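*Asks:* Fit chain B to the known structure of chain A by using the hints.
Letter by letter, the chains look like this.
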Amino acid sequence: MTARPAAGFRDFLKMLLLLELWVGLWVTLKNQFRPHITVEYPRERVELSPRFRGVPRLRFHPENGEELCIACHLCETVCPDDCIHIVSEKKPDGKGKRLVSFEINYERCCFCGLCVDPCPTKPLTAIYMSHDYEMADFKREGFVAPLKVLLNGVDPKDYKE
Amino acid sequence: MFRTEEMDINMGPQHPSTHGVLRLKLTLEGEEVVDVRPVIGYLHRGVEKLSEHRTYPMIEPLTDRLDYVAAISENLGYCGAVEKLMGLHVPPRAQYIRVVLAELQRIASHLLWLGTHALDLGAMTVFFYTFREREMILDLFEAFCGARLTYNSMRIGGLYEDVPQGWTDRVRHFIGIFPSREKEYEDLLTVNRIWLGRTRGVGVLKPEDAVGLGVSGPTLRASGVDYDVRRAQPYSSYDQFEFDVPVGKNGDTYDRYIVRMEEMRQSCRIIRQALDRLPEGDVRAKVPKYIKPPAGEVYHVVESPRGEQGFYIVHKSGEMPYRMRFRAPSFVNLQALPVMCRGRLIADIVAVIGSIDIVLGDVDR
Numbered sequence: 001m002t003a004r005p006a007a008g009f010r011d012f013l014k015m016l017l018l019l020e021l022w023v024g025l026w027v028t029l030k031n032q033f034r035p036h037i038t039v040e041y042p043r044e045r046v047e048l049s050p051r052f053r054g055v056p057r058l059r060f061h062p063e064n065g066e067e068l069c070i071a072c073h074l075c076e077t078v079c080p081d082d083c084i085h086i087v088s089e090k091k092p093d094g095k096g097k098r099l100v101s102f103e104i105n106y107e108r109c110c111f112c113g114l115c116v117d118p119c120p121t122k123p124l125t126a127i128y129m130s131h132d133y134e135m136a137d138f139k140r141e142g143f144v145a146p147l148k149v150l151l152n153g154v155d156p157k158d159y160k161e
Numbered sequence: 162m163f164r165t166e167e168m169d170i171n172m173g174p175q176h177p178s179t180h181g182v183l184r185l186k187l188t189l190e191g192e193e194v195v196d197v198r199p200v201i202g203y204l205h206r207g208v209e210k211l212s213e214h215r216t217y218p219m220i221e222p223l224t225d226r227l228d229y230v231a232a233i234s235e236n237l238g239y240c241g242a243v244e245k246l247m248g249l250h251v252p253p254r255a256q257y258i259r260v261v262l263a264e265l266q267r268i269a270s271h272l273l274w275l276g277t278h279a280l281d282l283g284a285m286t287v288f289f290y291t292f293r294e295r296e297m298i299l300d301l302f303e304a305f306c307g308a309r310l311t312y313n314s315m316r317i318g319g320l321y322e323d324v325p326q327g328w329t330d331r332v333r334h335f336i337g338i339f340p341s342r343e344k345e346y347e348d349l350l351t352v353n354r355i356w357l358g359r360t361r362g363v364g365v366l367k368p369e370d371a372v373g374l375g376v377s378g379p380t381l382r383a384s385g386v387d388y389d390v391r392r393a394q395p396y397s398s399y400d401q402f403e404f405d406v407p408v409g410k411n412g413d414t415y416d417r418y419i420v421r422m423e424e425m426r427q428s429c430r431i432i433r434q435a436l437d438r439l440p441e442g443d444v445r446a447k448v449p450k451y452i453k454p455p456a457g458e459v460y461h462v463v464e465s466p467r468g469e470q471g472f473y474i475v476h477k478s479g480e481m482p483y484r485m486r487f488r489a490p491s492f493v494n495l496q497a498l499p500v501m502c503r504g505r506l507i508a509d510i511v512a513v514i515g516s517i518d519i520v521l522g523d524v525d526r
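From first to last, the protein sequence lines stand for chains A and B.
Mapping the first sequence onto the numbering used here, position 42 (from 1) lands on 42, and the numbers just tick up by one.
Take any residue in the second sequence, note its place counting from 1, add 161, and you have its number in the numbering used here.
Take every hint as true, because none was put in to throw you off.
Derived pair list, reagent style DSBU-like, types lysine-lysine, alpha-carbon separation capped at 35 angstroms:
1) B/K453 with A/K97
2) A/K90 with B/K447
3) A/K90 with B/K453
4) A/K14 with B/K344
5) A/K91 with B/K453
6) B/K477 with B/K245
7) A/K90 with A/K148
8) B/K245 with B/K450
9) A/K97 with B/K450
10) B/K450 with A/K148
11) B/K447 with A/K122
12) A/K30 with B/K344
13) B/K447 with A/K95
14) A/K122 with B/K245
15) B/K477 with B/K450
16) A/K91 with B/K450
17) B/K410 with A/K14
18) B/K453 with A/K122
19) B/K450 with A/K90
20) B/K453 with A/K95
21) A/K14 with B/K367
22) A/K95 with B/K450
23) A/K97 with B/K447
24) B/K210 with A/K139
25) B/K450 with A/K122
26) A/K30 with B/K410
It is worth saying that the hints were derived from the structure and are not from the lab.
On a predicted model such as this, the values are computed, not experimentally measured, just so you know.
Chain A with its partners taken away, still in its complex shape (with noise of 0.2 angstroms):
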């Protein structure tokens, strides 16, 4: 542990000649030449690790370009805040279920990534956090996002209304 500063002599002399000011002192000149870390938010960004957890969206198959979900409907089952909510019909051939409608409420969503730890579609998962992390919007109907929505995204907003 640290020695408390002791009374004696020489400590009234290191009192006497400001000797902790300029120590402090050093320490401030010496980050004065660190590199800057501050980002200017809308003009630059900042680099999110693969793992960053966004906003949750479906995803379409890779290769074939078809709708990944299955309509299990464990996420909905996980999801501590209720903020998903799916429609679902048996398939025509009578094999399965798809969807009919799939909606996040993002006022609701906490970001937790529960949902997607259950979903069974292998290798990649039908709801995944996604990167998006700029959602603000003039409506509250803007924050359910529909099935159209969360497969392809959102189109940039023009915020001059």
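*Replies:* Leaving out everything else, chain B in the frame of chain A:
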């Protein structure tokens, strides 16, 4: 003649130095504090009640939001409690990674405390430097679990994923440069006469008072009581690491500062040992898809950066807990505030609130 009488004034709930929505009713005799009565509950979200209607994996995001500057400690404590209830054995690699995460979180939390505490007492420079270093830790967490504040980093039975490629080297890089940075904060503060004047002898908490009030964590250790959950009741293989528990002498604000600074050094030491001996293997035990623990009750404590963080679960049947209780260290430490402030000046209250390092999300739950 001048009329003199005691005066009641409010400090907070919106006050820059109460670190959140804490309201203090002060009774003043001039500048001198006669009594302090904390009024809490402005951030109450009913997390304990909410837990009763959620399955066990769903509760973990809630624990992130208790003590939101040290969310990994909460995750660790909660997962530990459920694992204890289920009798699960966590793989050693997951235990070691959890230790690395928890100690990084301790450093990040203490850095946030140091920056804001120094800012309260008029030293602005330290704030910028500590947040620069804290940012490096948050980047490490983002690389590990994808989030920067509410991590949800662990799962019952281990971790969601193993650490990414090159992550351990980044942690090593951080603990390599951190001690020199910590030396800089010490150069700025430890012997600075303004800092000494504001902190030494301010807010003295006697060891018997500290034990009597149930205070824990660095606040307790600064009063000279040598108690650390990591050593007293080791969890997540903390018994396999060598570290010192710093103890203060006088129990004043300065001692609490010194104890936390030393804790950051010890955290670096634990991280280095954990990375050197990181075992191979799985990071997640075999856990059933639907977590249904046996009926019973369990209490599990971890040493969070603020003190003894306890999780008490009563389970009767099904997938949800019957009753959940969080022992919040900030809540208990806050009740030592009147003892520390009585008879001091009003400006010292700011120093004392800063030094007990409360998080209002943890106090109100």
